[in-house]
Structure formats: C-alpha cells, structure tokens
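Asks: So the chains spell out like this:
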Amino acid sequence: MEQTTVNRRPLLLSTTSSLFLVLWLIVAAFPFLWTVWGSFKVEADFFSRENWQLAITGLNTIGQTGSAFTGDGYQGAWIERDFWKAAWNTVIVTVSVTAISLVLGTLGGYALARSARRYTLWILITALVFRAMPHITLVSGYMLPFFEWNVWGALPTAIIVLVAINQPFALWMLHSFFLSIPKDLDESAMVDGCTRFQAFRQVVIPVMWPGVITTGLFSFLLAYNDFAVTAMLLNQDNQTMVPKIASFLGTVQTEGAVMYAVAAVVSATVPLFMLVMFFQRQIVSGLTAGAVKG
Amino acid sequence: MAEIRLNNVCKRWGKVSGVDNFDLHIKDEEFLVLLGPSGCGKSTTMRMIAGLEDVSSGEIWLGDRMVNKLEPKDRDVSMVFQSYGLYPNMTVYENIRFPIKVRKVPKELHHEQVMKAAEMVDLVDFLHRKPAELSGGQRQRVALGRAIVRKPTVFLMDEPLSNLDAKLRVSTRAEIKNLQFRLKTTTIYVTHDQIEAMTLADRVVVMNLGRIQQIATPTEIYDNPANTFVAGFIGNPAMNLIKGTIESGVFSAENIRIEGLPSQHSGPITLGFRAEDAELKEVQNAINAPVYAMELLGDSSMIALMVGGELINIKAPKDFRAEIGSQVSIGINPSHCHLFDAESGDRLSQDI
Amino acid sequence: MTHKTFFAFIFPSLLAMILFIALPIGSIVVQSLHVEHPRVLVEVENCGPFGCERETRVDTAATQALQEAQPMGQFNGLGTYFDRRHLATEEVSRIFSDNEGVADIARQMYNLPFYKALSFTLVYTFIVTPLGMALGFSIALAVNSIPRFLKGPIIFFSLLPMIVTPLVGSLILFWMINTQGVIGSNLQLLFDDPDLSLRASPLLTWVTLIVYGVWSMAPFSFVVFYAGLQTVPSDTLESAKIDGASRWERIRYVVIPHLIPLATFVALVQLMDNFRVFEPIVGFSAEANATSLSWNIFNDLRGQVDQQYSSAAATSVLTVFGVVVLLMPVLVRLWRDFNRKA
Ligand SMILES: Nc1ncnc2c1ncn2[C@@H]1O[C@H](COP(=O)(O)OP(=O)(O)OP(=O)(O)O)[C@@H](O)[C@H]1O
Ligand SMILES: [Mg+2]
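Chains as they are written, first to last, in the numbering used here: chain L, 1 to 294; chain B, 1 to 352; chain A, 1 to 342.
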C-alpha cells in the first residue's frame, strides 16, 4: 500500500495519459477494423457518395445481395482475378527468401561475431551502407542485365535479389545474437573434436534458435512487404500479392471491382495479423536487440 | 600420455604482447600449474596449447608431434573452461558423451565409457538433467567428466574452480588431484590462487606480464623465490621486502639492522624474509620499530611494523598483545633472509 | 578464427551482397553515363491508289540492331545528370537569373521533376522522423504506467501500423480519406465543404502523406523506447525522487539521458527508411502533388513503351549519394572509434 501512494500519479496526468492511449489505439487499430468490415460490403456502401453511414448499415449490400454481408469481393479477387496464384507465389517467395537468408546470414553472422580482425568491422560498415540503400535504386541496376540474361520475370530471380537485399540486415542482427553466446561453447566443442563447422552446426545453432527465429521473422516481413523488387522484377504470371494488389488499382474500372482490391488487401493483412499475434515477443525483442547493440 | 614442450613460444596481437618467449618442458604424467596475477598470459598460453589461439612464433610439441598448425580437434587434448562451456541444450549424459560421439568412437562403447566417467566424477544420479538444473559444483563435475570420458594426451584446465564457493573449492581440489593421480594424464592447470597451485602441483610456473618468472616445485618456490615478484606473490602474507643497503654483510635501513649476511655484495639491495621467520626477542641485531597495527588471526597474531618505509608483517604467538605505537624488537636469523638485486629484483647468490 | 575459415563462412553472404548490391550500384553508375539510342528513322515513299506520299517511319530492324550492338546505349558522359529531368543546371541558372522573388524561385524549382521529388523526400524524412519519435515516446510513457494485463493487447495493436505492408497500409488509409471514404466524407461535413478533398492541393497531399508516415513509423520508436524505459535504473530514479525532483524533472534528467543512445539508433534507422519513401505515393496515387526520389526511379522504369534506364540510373546515383550524405555522421563516428582502438 505504501508503494502505491508513493507512485500514485496526479489524477489529471493519468486521465490525459489514458485518453491519449485510447486515442492512439483508435488511430492504430480502427483503419484495419473498418476495412475488414467494409470488405464484406458492396462498393456502393463502402465507397458511398451519399452517406458514409451506409458502410455500417449496409443498405445497398442488402439490396444487391440480399444479406448484410457479402463475400463477393473475395470471390472476385481470389477466383476471378487469380489472387490465389499471387498468394501461392508469395508463399514460395517468402519461404525461400526466409530460409536462404537465414542459412547465409547465420554462417556470415557467426564468422563476424567470432573473428576479431579488422576486416570484420569493414564488412559491418559496408553492410550498414547497403542496408540504407533504397531498394528501387538497386532494382534499376538489375533490369538491363536481367533482360540480357533472360532471367527477368522469374520467381528465383526475385528470390535471390531479395535474399541479397536482406543480407546486410540479417548479418547485423545475427551477428549481435551470436555475440551474446559465449565463445567457450564453440571452443569446448572444438577441443572435444569438432571442426569449426561442426561446432557451429551441433553446438552453437541449437542454442541460437531465439535469434534465428527473430531474424527469420524480419526476413519474412521484408520479403512479404516488398513492393519495389517484386513489382519490377516479376512478370504478370509470377506476381506476388503486393504487386498484384497494385495492378488491381490500375485496371479495375468495372463497378464493384474496387472491392476486389479491398478484399485482396484484407487477405494480405491477415497473415501479418497472425504473425504479430503469435510472435509479438520475438518481434519486440528483435526490434530492441538492434537498438541495444547499435 | 606424453610430454609437452614449448620452445620459445610468443603470442602478439599487433603491438600488444600476451606471452613472451615461453620455454617449458613438461614431463609425462606431470601435474603442472600456471600461476600468476590476472592478465599475465596464463589462459593465452593454455589456449595456444589447445589450438584455440595461433602461436605468433615458437613451437609447441605434444609428444613427438609439432602441433603448431593442427586444429584443436587433432591435438588430442581435453579442456575444462572457467565457465565450463557446457552445452545447455544437452543433458549431462549427452554432454559427457559428446567428445566420443564426434570422434566417432563405436556406438556400442558409448554407454560404458560415459557411465565410467560419470562414476568417477560422481554424477550418476544427474545424468538426465540439463546443465541449467545443476548447481555450480555439479556443473563443474560435468565439465570434468566430459574431459575424462576419453583418454587424451593432455588435460588442460583454465581456472576450473574459480566459480565455486570456498568450501566446495577445497573438496573439488582434492577430487581433481585424486583423479589425476588415478588417470596419470599429463595436466596443465591455470590458476591465480596460490593455495591451489601449492596443493595440486608437481611443479609450478609463476608468470608475470607474459614472462616466466620461475619454474620449480611448490616448496622450492616458497623457500627460494627466484625474484622479488615471486617472493611478493607467493605466501600468505607474502614475503616482507625491504629496500636498504648492504655493506660487508650488514644490511641496514630505517628501523632495521641485520648482521651476518653474505659479504660479497655491497650497495643498494632488497632484503626479504617471511613473517613466520621472525622471532619476538630482545636482540641487538634486528628490527626496532613501533607497532603500526595488530591483527588477531586466532592461531597467531600478526604485527604490522613500518620498516624502511614499507609496511611489513611479523607473525607472533597467538597470545601476544601490544598497544599501537609501543616499541617492539624483533630478531631475524640471517640464514632465513633472502637477498635480491635492488634494480632487477633477481635473487642474489647467498653463499658465504 | 583463421582467415580461411572466416571467408569460408562468410563467402555465400558476401557473394550475394557483391553480386546483387555492389555490382548493381556499379552498374547504375555506368548506365547513368549512357543514353538510350534514338530511334532510327527512315523516309519511305508510300504509294497507294491516291498517289505517293513521303512518310517518316521508325526502322525497327535498324533500331533493334543498334540496341543489340550496344545494349547500354550511347555514351553520354554526365549529360543525363544535368538534363531537365535531373539536376537541370540550365533551368536552375535561368530561374535564378530571372525570377520574381523567393516564392517564385520555389514555385519554378518545384516544376522541375528532380527538385520536386527531392523537396518532398527531404521534407518527409525530416518531419516524419522527429514526429514519429515524439509520438512513439509519448505512447511508450503512457503504456509504461498502465496495469500489466493491458500492456500485451496495446502493444499488439500498436505494432500493426508498422508491420503492415506499406502499400497495403497506405491503401487502407487512402480509401478512408477518399471523398467517398469514412474520414473524407466526415471532414467534408465538418468543414461544411462538399468539394473538400485531401488530394486536391499539394499542401493537403503532403500533410496526408506525412500523417501516414508518422502513423506507420511511431510504433517502432514506441517499442524501442518502451524497452528502454524498462531498463531505466530505478536507484537513480528513486534518488532523484528523494532529491525532490518533480515528475517532469525526473523525465528530463534521468529518463531522457538514459534513452539518448536508443534515440540515436532509432533516428538513424528511421532516417534511412523514410528517405526511401515510395509505397505511400503509389498507394495514395499522390504523384500529381508529391513525388519522391524513389518514385521517380520507379516511374522511369515502369514506362510501358520505353523504359528510361539512364534517367532512372542517374536518379539512383543521386539518391545513393544522398544516402551516403545522410549516413555520414554515423560513418565518421565508426571511423573515429575504429582509429581510437587501433
Ligand atoms: N584478443 C586479444 N587482443 C589483444 N590483447 C589480448 C587478447 N586476448 C588477451 N589479450 C591480453 O593478453 C594478456 C593475457 O591475457 P590472458 O587471458 O592470457 O590472461 P590470464 O592470465 O588468463 O588472466 P586471468 O587470470 O584474468 O584469466 C592480457 O593483458 C589481455 O589483455
Ligand atoms: Mg584467464
């Protein structure tokens, strides 16, 4: 009880602070909830010219489809406009990018963490500069060579490019995670009869899982959220979800078709929702891991 | 089983020198202790033997093999680390089995060998636990068990007891000594604790600032320190060292005068003697100084005196009492005195 | 670790970065020094039933051949950098010699594509970064003092704007602020102006984009600052309390100094991220009123008929230059630390 009286905040301050938080929560969450709700309406309701409240009441939706909610947007996007294919491409791209990034990143990050030589610093600085490059500037360097070699448009091309773009970040992050694992561990493994690589594989990696998972999450996000690379390097057939959504915007003219885009946007957001839900701890720890070291 | 030779081994990082010109021959089955203050290069020496650190110059021989270029795994050594280096994701059993597993010992021998090692270090009841579920002393024993599960040429131990509490340290020390006696494996043991060094070692190597100061048996190091560093490092309390001058066998400094010393030296000199070699008696030939402080240790009393500008310690019977400031006289047998060069600190010959 | 082991471990990663980051940067530098071949034109006589006509046509085959012989195009030196679409040196000197005051200079410069993009990019970067950090810090302070069981859900919702795909996030907001969307129509009601549209004027467009930027950037600062607040030494806080510091003074003299290193880190990351602002412009279809350097490159590359590789490359090189300037303080500091150690 002592404690609480000492720490009690002035009423005014705590009210302002709570109000502020509520306001922020609305600002942060309302757009998502609103769009999810609206994706089950027809265009005349969600983008109503007369009255925005139609989006809530759904009068036109009832008028056009007979019920207050409709899956027409989803049906149109996923089936008519082949969004399922884009989703499948996204799965291929994100899974491959995450897996390859982690393999390369753990190897490199381990080397950077365990070698005390000067060139490690240079590699880290270079990686920092690379990390800051806007992706689209790199993309403009790929286009011509990729056309020349005839690899433009294919999924593996985009995957490799995304892996490379993700490397600077993965190296930094994994490097700082490896630094937190005592050197004694790999050294005793090497004395016990392992090569450097066996020590890395059998002894270090098993205790690195938290770091690997966190870095994997961010690699996944990079690949999933990318627009610059996937929009410019993939052809129509291989498009992933994000460029597909962008292409909806350009071509959708017919009445109601903008709802396809809304449905696609909601579909693309759902996996991210799940991700935050299940991996909130890792995401937070990942964001702060960089901060504490950097 | 093998002898180990280090020929003029040096370790440098750029301009920093970690180990300088380390020359040592370790006999088969010997228990050798590297002793020295923190940062003197003990771990570096041991890590070079294990292959965890490259040698800048010089040669390391394990038995009849020059191992400078060999990977740690090819050197056939076992090592116990200060922080134990246990594999946190494996159970005690798997930890102990790891060295024989990666060295491709036939599977059917694993269980027997692990159990034998576990018995030796008294861990049979904990085999299924993870290291995080063990106490410090138990973890320490896992590290030992992992080291002895195969028969390596050399055991290397880097301050294996420093994370244990005082009581456990004493009992584990005895265990290590007993284990080495039974296994008869050449052992190099690093510590900065001189009691550990004195109790465990066949021979002690005292190091300072990357250089060897003295290599000798514990008794020899205690009785005949090679220089002022060793004299001031070994013993509790360390040897009293007094700067003064010697002239035809008579040493003198403020509050002190000792006759009957070897007469071939003259000029500035450092005189050393141990606290317990002084006698409380009224003699001409000795220290006459006021008491600076008294410490009652139970089995004895320690008198601190200001002599030659330094605080020195004298051991007195346990019932001795004196007021601070009161004058005491102390006699020292010249044969218990050690003479060191005032400049270099090296021991001077004492033949009369 | 020996050199050999080190390079064996880092080789795959290094190779990927060299091939797909270092080389492309080199490639855009070279590309920016070239221009596309002009089309080869031929005059042909076209004779039909109504007599002959002379007509200029593109000789596709010849153009193709030229293209194949020199895929990079013709060498052009620094020409592309100084043309109207980039640094526009001629136009700029003309504007400066012939203008009607500062406002006019600004207006005329804004009509040049590169300066239009640069001005928005810089304004966006240097407004969104501090505002986002301030908002994030406030949220962190507020969340820090609420009951424990509420923290999880609040962090969950707070993470959403950051984690959502930038293009998707900007579309979601765009649909809401649209004149037909919920925010847009309510603003019309509020200001009683049925023609009010956030996309109509450059100013409103900029404000909208910046609001989006702050919305999506604040969570990152929030999370980092919130984690930092957990590690504020409580001893220092308590002794400040005993010394009689007020709540604000405690924040000012204990909490903020503790968070300064984190703030530097956050600022660095956010500057890098904001400088590449691009998706919101696509999402908000804001290109009429606001473009960014990244968007200019995107637009050059996207051209359906002829992609302006050289123009894109020149803008890219200028952007890379901007990034390096932005990172300079950090690089200088790393360099100094390094020299001090050596
Ligand atoms: N990688 C390194 N680079 C530069 N100097 C080093 C490096 N490793 C160790 N040193 C230096 O070499 C000296 C010897 O270090 P070492 O670890 O061998 O000391 P130690 O005798 O084991 O000390 P302790 O009892 O504290 O373990 C120290 O002064 C240390 O600062
Ligand atoms: Mg050591």
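Since the hints were derived computationally from the structure, they do not count as laboratory data. Wrong hints could be hidden among the right ones.
Result set (BS3-like, lysine-lysine): computed pairs, CA atoms no more than 25 Å apart in a straight line [stated by the list, open to error]:
#  : chain 1 : residue 1 : chain 2 : residue 2
1  : A       : K151      : B       : K69
2  : B       : K151      : B       : K116
3  : B       : K15       : L       : K183
4  : B       : K104      : B       : K130
5  : B       : K69       : L       : K183
6  : B       : K130      : L       : K183
7  : L       : K183      : A       : K4
8  : B       : K27       : L       : K183
9  : B       : K184      : B       : K27
10 : B       : K107      : B       : K69
11 : B       : K116      : B       : K130
12 : B       : K27       : B       : K107
13 : B       : K177      : B       : K107
14 : A       : K4        : B       : K15
15 : B       : K167      : B       : K151
16 : B       : K69       : B       : K116
17 : B       : K167      : B       : K101
Chain B regions said to be covered by chain L (calculated; three or more residues, Cβ under 8 Å) [what the hints assert, rightly or not]:
#  : stretch
18 : 76 to 85
19 : 166 to 176
20 : 205 to 219
Glycine included, each C-beta is placed from N, C-alpha and C at the ideal position.
Asks: Checking one constraint from the list: CA of A:K151 to CA of B:K69, max 25 Å. Satisfied?
Replies: With a Cα-Cα distance of about 56 Å, the restraint between A:K151 and B:K69 is violated, given a limit of 25 Å.
Asks: Hey, B:K116 versus B:K130, does the alpha-carbon distance stay inside 25 Å?
Replies: With a Cα-Cα distance of about 19 Å, the restraint between B:K116 and B:K130 holds, given a limit of 25 Å.
Asks: Straight-line Cα separation of A:K4 and B:K15 no greater than 25 Å?
Replies: holds, 23 Å
Asks: Taking 25 Å as the top limit, are the C-alpha atoms of B:K177 and B:K107 close enough?
Replies: Outside the cut-off at roughly 31 Å; violated.
Asks: Quick one, are B:K167 and B:K101 close enough, alpha carbons at most 25 Å?
Replies: Violated, at roughly 34 Å.
Asks: Is the straight-line distance between the alpha-carbon of B:K167 and that of B:K151 25 Å or less?
Replies: violated, 29 Å
Asks: Can the restraint linking B:K27 and B:K107 be considered satisfied, given a maximum Cα separation of 25 Å?
Replies: Outside the cut-off at roughly 34 Å; violated.
Asks: In terms of beta carbon proximity below 8 Å, does the stretch 76 to 85 of chain B have 3 or more residues touching chain L?
Replies: The restraint on the stretch 76 to 85 of chain B holds, since 8 of its residues have a Cβ under 8 Å from chain L and three suffice.
Asks: So if I understand the rule, the pair passes when the alpha-carbon distance is 25 Å or less; does L:K183 with A:K4 pass?
Replies: holds, 19 Å
Asks: Under the criterion that the straight-line Cα-Cα distance not exceed 25 Å, is the pair B:K69, L:K183 satisfied?
Replies: Holds, at roughly 21 Å.
Asks: Measure nothing beyond the straight line between the CA atoms of B:K69 and B:K116; if it is 25 Å or shorter, mark the hint as holding.
Replies: violated, 33 Å
Asks: Hint check: B:K15 vs L:K183, CA-CA at most 25 Å. Holds or violated?
Replies: holds, 24 Å
Comparing the model with each earlier hint shows violations of hints 1, 8, 10, 12, 13, 15, 16, 17, 19 and 20; every other hint is respected.
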